[in-house]
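Q: Those sequence lines, one after another, are chains C and W.
56 is the number that the numbering used here gives to position 56 of the first sequence; each next residue is one higher, with no gaps.
1192 is the number that the numbering used here gives to position 192 of the second sequence; each next residue is one higher, with no gaps.
If you are wondering where the hints come from, they were derived from the structure by calculation, not from laboratory data.
Misleading hints may appear alongside valid ones.
Label-pair restraints from in silico Cβ distances [as the list claims (entries may be wrong)]:
{"no.": "1", "chain 1": "W", "residue 1": "SER1046", "chain 2": "C", "residue 2": "ASP230", "range": "52 to 58 Å"}
{"no.": "2", "chain 1": "W", "residue 1": "SER1046", "chain 2": "C", "residue 2": "THR15", "range": "24 to 30 Å"}
{"no.": "3", "chain 1": "C", "residue 1": "ASP58", "chain 2": "W", "residue 2": "VAL1196", "range": "55 to 61 Å"}
{"no.": "4", "chain 1": "W", "residue 1": "TYR1125", "chain 2": "C", "residue 2": "GLY111", "range": "28 to 34 Å"}
{"no.": "5", "chain 1": "C", "residue 1": "SER17", "chain 2": "W", "residue 2": "LEU1197", "range": "19 to 25 Å"}
{"no.": "6", "chain 1": "C", "residue 1": "GLY135", "chain 2": "W", "residue 2": "GLU1050", "range": "31 to 37 Å"}
{"no.": "7", "chain 1": "C", "residue 1": "ARG223", "chain 2": "W", "residue 2": "VAL1198", "range": "33 to 39 Å"}
{"no.": "8", "chain 1": "C", "residue 1": "GLY111", "chain 2": "W", "residue 2": "PRO1108", "range": "41 to 47 Å"}
{"no.": "9", "chain 1": "C", "residue 1": "THR70", "chain 2": "W", "residue 2": "LEU1143", "range": "41 to 47 Å"}
{"no.": "10", "chain 1": "W", "residue 1": "ASP1195", "chain 2": "C", "residue 2": "MET250", "range": "53 to 59 Å"}
Where a beta carbon is used, it is the ideal one built from N, C-alpha and C, also for glycine.
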Amino acid sequence: MIRISQVSKHFISRTGSHHALDSVSLDIADGQFVCLVGPSGCGKSTLLNLIAGLEMPDSGSVTVFDTPVTAPGPDRSVMFQDSALFPWLSVRKNVEFGLELANVPRSEWQGRVETFLKKVHLWRFRDAYVHELSGGMRQRVALARSLAPDPRVLLMDEPFASLDAQTRDVLHVELQEIWRATQKTVVFVTHNVREAVRLGDRVIMLATRPGRIKHDVKIDLARPRESEGDVAYYVGRIMKELKVEVDKVMREEMGDAWQPTPGDLPSGPTGGVGGGI
Amino acid sequence: MARSLWEGFSDGTILVGVGVSLRRLFIGYSISLIVGLPLGLGLARSKVLEDSLGTIVTGMQALPSICWLPIALIWFGLSETAILFVVVAGSLFSITIATTAGVRNVPPLLVRAARTMGARGPQLYFRVILPASLPGILSGMRLGWTFAWRSLMAGELLFVSGGLGQLLATGRELRDMSRVLAVMVTIVGLGLLTDVLVFDRLEQRVRERWGTDRA
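Whenever a hint applies, use it, and build me the whole structure from the sequences.
A: This is how it looks when you write it as structure tokens:
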């Protein structure tokens, strides 16, 4: 279980102090797929970084499986919006690198690399270098690299945000399949509400300034989920709440220039507020 | 000139000169690499080092290496060490500066990603930061090589020491134009050869891997 209790976090920048998280508490059960949504600056990535151990809270505590988080570790894999693959290594070596750092015995490498590269359908490209792959393929390699050391938690920070809609759709299907097969605990940050509803058991909406949890919506839908039908119902519900928060951010950023039109959501065809950014 | 070149090679004077110069070059350049690479890495990653040595390194880079010769002569006399000193002084700082720049240009995300996988300490430096800054380091090594070569020639020209530089100097004293030209051609040839055989190949390999060879 991931337990976040009373966590607060400030950032100090040139433009002043920014209250990223204000005594946030959250429990995530093992094997759960939790999506964090919210307007930009609500602290959803910060929350993820705290679980990853890349950042430390000002107050409060983060424990993963009853161990306080003090540093990043291979039990919690992180995927970023950019694949963050190493350009000097081939696909295979990139995956092996994660295994090496997690102290997986060398004798197991070959089997694991094969298993996970096949899972993301890239076994054929095992000897390719990163620049030879498309954006979607890179994210799939990154997914294989994250999964191969068999982490207990998979943390994903907008991993599909820079992909085109079709590729994203394919990856949603693949990710659901892999998640079902491996039963990892997943924390998935996105600003795309449709993506969150489609993938998550729970969608947690964060409010901004200060960052705190506003809604915790349980998504009770059968899998695999397509992006139509019942998904749309939840999307609509969450978007309505989200709009209030987005308005708040916009008013702060733009001042008087921001004139929201009632009932008119600033959403694109993919249903993501700010999804086109 | 061609005859002079031929004679120089056949009676061994040029070959001996090449041997002496290359030996100095290799030793001096190796010292520069051994000192310059860690120094550059340190400057990029440590605030303390940057604050204390950063300006000095940049300043030294502005000083033509031959200006070190008087110091070298006072300290070491007319010796092999004095020449090596000039070669190291000429190439060390450009290697250091290029390494620093290369390390600073490593995308922070790569380091973050490596940390989340459990990399820390030396692992992070040797397996991630160093390979990630390889393109920058390589251009620094190339630059350092040229500077080392130039410093060596300048040093050798100025005092009797064997080596190609001295052959040039004696050619001048004898007013033997063809001999001077022959030595110059040899120097150009050596420079081209190392560039093509060593650095071009290395850079080509890096470019292919990183995919920076296509626009």
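Q: A separate judgement is required for each hint: does it hold in the structure or not?
A: Results of checking the hints against the structure:
no.: 1; hint: SER1046(W) with ASP230(C): 52 to 58 Å; in the structure: 56 Å, holds
no.: 2; hint: SER1046(W) with THR15(C): 24 to 30 Å; in the structure: 28 Å, holds
no.: 3; hint: ASP58(C) with VAL1196(W): 55 to 61 Å; in the structure: 57 Å, holds
no.: 4; hint: TYR1125(W) with GLY111(C): 28 to 34 Å; in the structure: 30 Å, holds
no.: 5; hint: SER17(C) with LEU1197(W): 19 to 25 Å; in the structure: 57 Å, violated
no.: 6; hint: GLY135(C) with GLU1050(W): 31 to 37 Å; in the structure: 36 Å, holds
no.: 7; hint: ARG223(C) with VAL1198(W): 33 to 39 Å; in the structure: 57 Å, violated
no.: 8; hint: GLY111(C) with PRO1108(W): 41 to 47 Å; in the structure: 33 Å, violated
no.: 9; hint: THR70(C) with LEU1143(W): 41 to 47 Å; in the structure: 42 Å, holds
no.: 10; hint: ASP1195(W) with MET250(C): 53 to 59 Å; in the structure: 56 Å, holds
Figure legend: structure checked against the earlier numbered hints; hints not met, in rising order: 5, 7, 8.
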